[in-house]
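Start from the sequences, fold in the hints, and give me the full structure.
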Amino acid sequence: MDDRIELLQGTLDMLILRTLRPGAQHGHGIGVAIRASSQDVLQVEHGSLYPALHRLRKEGLIEGEWKLSENKQRARYYRLTAKGRKKLAAEESRWNRMVEAIARVLKPA
Amino acid sequence: MRLWHWLTRRSQEDQELDEEVRFHLAEETRLRISRGEAPDSAARSAQRDFGNVTRTKEIAREAWAWSALDRLRQDLRFSIRMLAKSPAFTALALTALALGIGATTSVYSIVNSVLLRPLPFPKPGRLVMVWETQPLTGQPNVVQTGNFLEWRKRNRSFESMAAIQAFPVNLEGSGEAVQVPGLGVTAGFFETLGVPPLLGRTIGPEEDRSAAPGTVVLSYGFWQRQFGGRADAIGRHVTIFGQIREVIGVMPPGFHLPAEPRIDVYFPMQISPDQARRDGRNDSVVARLRPSVSLGDADGEMRGIAAQTAQERPDINTGWSATVVPLLEQTVGKTRITLLVVWSVAGMVLLIACANVANLLLMRAAKRRREMNVRAALGAGRWRLLHQLLTESMLLAVAGGLLGFVLACWGVPAILRLLPTDFPLPRRDEIAVDRTALWFTTLVSLACGVFASLFPAVQVDRGHLNDGLRYGGRHGTASGSRLRSGLVVAEVALAMLLVIGSGLMVRSFILLCQVNPGFQPSHLVSFRMLLMASGRDFPQILRVRASLVQQMLEQIRSLPGVRAASSIHLMPLSGQQSGTSYSRADRPAPPPAQGGGDVSVISDGYFRTMGIPLLSGREFDQRDRPGSPPVAVINQTLARVAFPGENPIGKRMRVAWGFSPDPVEIVGVAADIHHNGLETAPDPCLFLPNAQQPSGFLTLVVRTNGDPNMIPAIQQRIHKVNPAQGIAEVRSMESVVAADTAKPALETSVLSIFGFLALGLACVGIYAVVSYSVEQRVREMGIRLALGATPHSILGRILRERLFLALIGIGAGLVAALALTRYLATLLYTVRPTDPPVYAAVTSILVAAALAGCFFPARRATRVDPAMVLREE
Numbered sequence: 000m001d002d003r004i005e006l007l008q009g010t011l012d013m014l015i016l017r018t019l020r021p022g023a024q025h026g027h028g029i030g031v032a033i034r035a036s037s038q039d040v041l042q043v044e045h046g047s048l049y050p051a052l053h054r055l056r057k058e059g060l061i062e063g064e065w066k067l068s069e070n071k072q073r074a075r076y077y078r079l080t081a082k083g084r085k086k087l088a089a090e091e092s093r094w095n096r097m098v099e100a101i102a103r104v105l106k107p108a
Numbered sequence: 000m001r002l003w004h005w006l007t008r009r010s011q012e013d014q015e016l017d018e019e020v021r022f023h024l025a026e027e028t029r030l031r032i033s034r035g036e037a038p039d040s041a042a043r044s045a046q047r048d049f050g051n052v053t054r055t056k057e058i059a060r061e062a063w064a065w066s067a068l069d070r071l072r073q074d075l076r077f078s079i080r081m082l083a084k085s086p087a088f089t090a091l092a093l094t095a096l097a098l099g100i101g102a103t104t105s106v107y108s109i110v111n112s113v114l115l116r117p118l119p120f121p122k123p124g125r126l127v128m129v130w131e132t133q134p135l136t137g138q139p140n141v142v143q144t145g146n147f148l149e150w151r152k153r154n155r156s157f158e159s160m161a162a163i164q165a166f167p168v169n170l171e172g173s174g175e176a177v178q179v180p181g182l183g184v185t186a187g188f189f190e191t192l193g194v195p196p197l198l199g200r201t202i203g204p205e206e207d208r209s210a211a212p213g214t215v216v217l218s219y220g221f222w223q224r225q226f227g228g229r230a231d232a233i234g235r236h237v238t239i240f241g242q243i244r245e246v247i248g249v250m251p252p253g254f255h256l257p258a259e260p261r262i263d264v265y266f267p268m269q270i271s272p273d274q275a276r277r278d279g280r281n282d283s284v285v286a287r288l289r290p291s292v293s294l295g296d297a298d299g300e301m302r303g304i305a306a307q308t309a310q311e312r313p314d315i316n317t318g319w320s321a322t323v324v325p326l327l328e329q330t331v332g333k334t335r336i337t338l339l340v341v342w343s344v345a346g347m348v349l350l351i352a353c354a355n356v357a358n359l360l361l362m363r364a365a366k367r368r369r370e371m372n373v374r375a376a377l378g379a380g381r382w383r384l385l386h387q388l389l390t391e392s393m394l395l396a397v398a399g400g401l402l403g404f405v406l407a408c409w410g411v412p413a414i415l416r417l418l419p420t421d422f423p424l425p426r427r428d429e430i431a432v433d434r435t436a437l438w439f440t441t442l443v444s445l446a447c448g449v450f451a452s453l454f455p456a457v458q459v460d461r462g463h464l465n466d467g468l469r470y471g472g473r474h475g476t477a478s479g480s481r482l483r484s485g486l487v488v489a490e491v492a493l494a495m496l497l498v499i500g501s502g503l504m505v506r507s508f509i510l511l512c513q514v515n516p517g518f519q520p521s522h523l524v525s526f527r528m529l530l531m532a533s534g535r536d537f538p539q540i541l542r543v544r545a546s547l548v549q550q551m552l553e554q555i556r557s558l559p560g561v562r563a564a565s566s567i568h569l570m571p572l573s574g575q576q577s578g579t580s581y582s583r584a585d586r587p588a589p590p591p592a593q594g595g596g597d598v599s600v601i602s603d604g605y606f607r608t609m610g611i612p613l614l615s616g617r618e619f620d621q622r623d624r625p626g627s628p629p630v631a632v633i634n635q636t637l638a639r640v641a642f643p644g645e646n647p648i649g650k651r652m653r654v655a656w657g658f659s660p661d662p663v664e665i666v667g668v669a670a671d672i673h674h675n676g677l678e679t680a681p682d683p684c685l686f687l688p689n690a691q692q693p694s695g696f697l698t699l700v701v702r703t704n705g706d707p708n709m710i711p712a713i714q715q716r717i718h719k720v721n722p723a724q725g726i727a728e729v730r731s732m733e734s735v736v737a738a739d740t741a742k743p744a745l746e747t748s749v750l751s752i753f754g755f756l757a758l759g760l761a762c763v764g765i766y767a768v769v770s771y772s773v774e775q776r777v778r779e780m781g782i783r784l785a786l787g788a789t790p791h792s793i794l795g796r797i798l799r800e801r802l803f804l805a806l807i808g809i810g811a812g813l814v815a816a817l818a819l820t821r822y823l824a825t826l827l828y829t830v831r832p833t834d835p836p837v838y839a840a841v842t843s844i845l846v847a848a849a850l851a852g853c854f855f856p857a858r859r860a861t862r863v864d865p866a867m868v869l870r871e872e
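Protein sequence lines correspond, in order, to chains P and A.
Residue numbering for the first sequence is 0 to 108, as defined by numbering that gives the first Met the number 0.
Residue numbering for the second sequence is 0 to 872, as defined by numbering that gives the first Met the number 0.
Rather than coming from a laboratory, the hints here were simulated on the basis of the structure.
No residue lacks a Cβ here, since even glycine has one placed at the ideal position from N, Cα and C.
Errors might be hidden in some of the hints.
With a straight-line Cα cutoff of 20 Å, these simulated EDC-like cross-link-like pairs (lysine to aspartate or glutamate) come out [as the list claims (entries may be wrong)]:
id : chain 1 : residue 1 : chain 2 : residue 2
1  : P       : Lys71     : A       : Asp17
2  : P       : Lys57     : A       : Glu18
3  : A       : Lys333    : A       : Glu18
4  : P       : Lys66     : A       : Asp17
5  : P       : Lys71     : A       : Glu57
6  : A       : Lys122    : A       : Asp296
7  : P       : Lys71     : A       : Asp421
8  : A       : Lys56     : P       : Glu90
9  : A       : Lys152    : A       : Glu205
10 : P       : Lys82     : P       : Glu64
11 : A       : Lys152    : A       : Glu311
12 : P       : Lys57     : A       : Glu12
13 : P       : Lys66     : A       : Glu12
14 : P       : Lys66     : A       : Glu18
15 : A       : Lys333    : A       : Glu429
16 : A       : Lys56     : P       : Glu58
17 : A       : Lys719    : A       : Glu175
18 : A       : Lys56     : P       : Glu62
19 : A       : Lys56     : P       : Asp12
20 : P       : Lys57     : A       : Glu205
21 : P       : Lys66     : A       : Glu15
22 : A       : Lys742    : A       : Asp421
23 : P       : Lys66     : A       : Asp13
24 : P       : Lys57     : A       : Glu15
25 : A       : Lys152    : A       : Asp298
If you anchor each label on the Cβ, the simulated ranges turn out as follows [said to hold, decoys possible]:
id : chain 1 : residue 1 : chain 2 : residue 2 : range
26 : P       : Ala35     : A       : Gly50     : 13 to 21 Å
27 : P       : Lys106    : A       : Glu57     : 17 to 25 Å
28 : P       : Ser37     : A       : Arg34     : 16 to 24 Å
If you only want the chain P side, here are some residues facing chain A, beta carbon under 7 Å, derived [claimed, not checked]:
id : residue
29 : Gly26
30 : His45
31 : Gly46
32 : Pro50
33 : Glu58
34 : Trp94
Now the structure itself:
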């Protein structure tokens, strides 16, 4: 429990976009996926997903479509748009450069 | 359509978000159950993991641009619900705002139409009036005809310049002769104003030559009435003063000189050189400045020209100069100060109304403190709360503004209808509650909304959240009560100021109404006309005038029911009077243009007819004929000024009037009357007999037995003497006296209404604040009572505390009144702006009102049941 890290401001968007790269997913699935792929280190309050999803949708980075879930319930599935893919690529490289830079600062060679 | 689409999409998004969240919670619960959690604990955990559902939805919604509008809609709905929940509060606030905004908008419409809007002529800022100025006093004066001709010839400052002179013109033709308002103008009058005719042509130099055939230009209204608006009126003929004149033009509707709104016909003055020399000062002069010339330059040039004419004709021009006045300033004149006073008073009433609404909102905010604090604690942003307050106050202000505007739309025409037709309000026909007024109302309403929400907002902003939660909102904070007290003090101070203002007006008006005009107006009827007299030459015209008047009077006196009849050339209180220089014949003549005063030309029996006491000597009678020794009666003031300590009877005076150089002998002294208005002290006046100095201007005065049917009978007798003689105006002297007090009456009633409005609003303010504080302190009072305080002492305690506030307000109001009421000075008759009785009376009224405002709510505090209060604890 104590090892959990609260998400850095602004990184949630990137994580959502990254989660959607393999294919469409609904909000709950995205939350579960982020938790799982970070081995439960990243703490995402599920409530905060939806404002982010709506914002991304409005920016045209993702689009939503109502489908039936595996349990035959109506759910909105989100999918990356072309613009979203481009944005994700840019964010990832920006992020990597930042991580490297911070690492260099923390561990000077 | 687009908005609709947008709104429906908005609600669809909302539903979808709901569904998404529901799905999420269901899915999470299922996931947790599948991991082995108990179903009910799984649902709870899912809920907990999700966080604040409502907040999430709110934030998600804000991701979409509509949320601002959405929020406004929500706030509006909430505000309407809150306002509907407390109808008494809403009604009070709306009434206060509607009255305040209505009053301010009404007065603004009038101020805008009269003072601010340019006159309805092209480049109206270049239009001026040019006057001569009197020796010694420098007062503007009508212009001597010859001087006008010199001005027109010599000036370089004006594009054009025209002389005008208004008098009733006799119109003969089908049916009974009538006299209609006419304006003699010189060529260039219409060009100066810059208004082309609707039909035909206007009066040019050709028509204005002294030997030119008679022509006339009609007003639109006269053309409609007399010619049914037919275009073939041009070239038709009308008979004016026995002369057949050709109609050459019709002016467009609404055209008139602001000072002469009722003119029906315009005709050329056709000044002959002989007349120009002989004429007295009778003309007004209107002119248009050249584009590059300033008012000051023109004024300087005119003074220079007047200095020249004074040297050239010292007999009439010594000491006289000239002045140039902008036409708008001339038109508006003294009305400016009245309107500005009334406007600022209306503004103060509005301020009080706003302070009241602010106070009411403040108290409600305090009552809703708990609600606000709970909402704040639950995460409603501070802005959101301020937003809500502002919405509520704006809603009130806009609704109040709307009501106020309706009030003004209905009230302004109603007020104008109530005014007598000759009420001295310039540009009256231009007054309208128009789009500018609507803009004004909108701005004022918005300002009120902001102003009224300002104080409560400051309080919320200070946000002692914890206090509020802890005490459950039963305690106002100290800062809140200070604010409310401050507002009450301000309200009381403003009310004090306004009530003192209206008190001064009322006292002044009472004094004015007690002024004895000097004559008995009841059962006295006047008939004004320009006398129709023709003859070969001027002396013969004079003889005809005298004999016509004598015949008319004899005819009228022979009517049963007529007690007495006589005539005067310019009626008392008509706003017109002649003046000239005169001096004692037994002393050396003073320099020209010094000494003198009013002159009235009257027929025999005038003083008896009017009910003016004769103090000594006799009035004119059959002995005073043309050719008999010239005589005069003087008034008391002239007797005192010219013959102090002497008996004036039998003394002689030189009079510059008419055509005889012989001094007149004084045969009588009459009591003073207020010829120039009840507010004006009587001037020296010299009366000359019409038989010896026949005047063309004539007002017959007839004292009857009060039978209203007398008037047609008298008119019949007048027409019997001369069928072509029209009558310009028939008025009872009572209405003349009433008209003289119409303006102060209106000023007084308007200021009184505003004063009482202010007093009422301030009382409501005091009442509300005391009620509220009593309500807030029920616990304290209950405990005090339980500990043995008597109801009496509690009542005294509250009264002392609150009355103290009112007294501060009253004190501040007194100081403000001492500083500001001097602006009322020009509207007051004999009362000084610091009149102690008024100040004392108003102070006691306000103290009484404040006491009443405190007493009733305070008494409630004494009826608190201590047991109940303690149980609540």
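| query | When the hints from earlier in the document are held up against this structure, which numbers fail? | reply | 3, 5, 7, 8, 20, 27, 33 and 34
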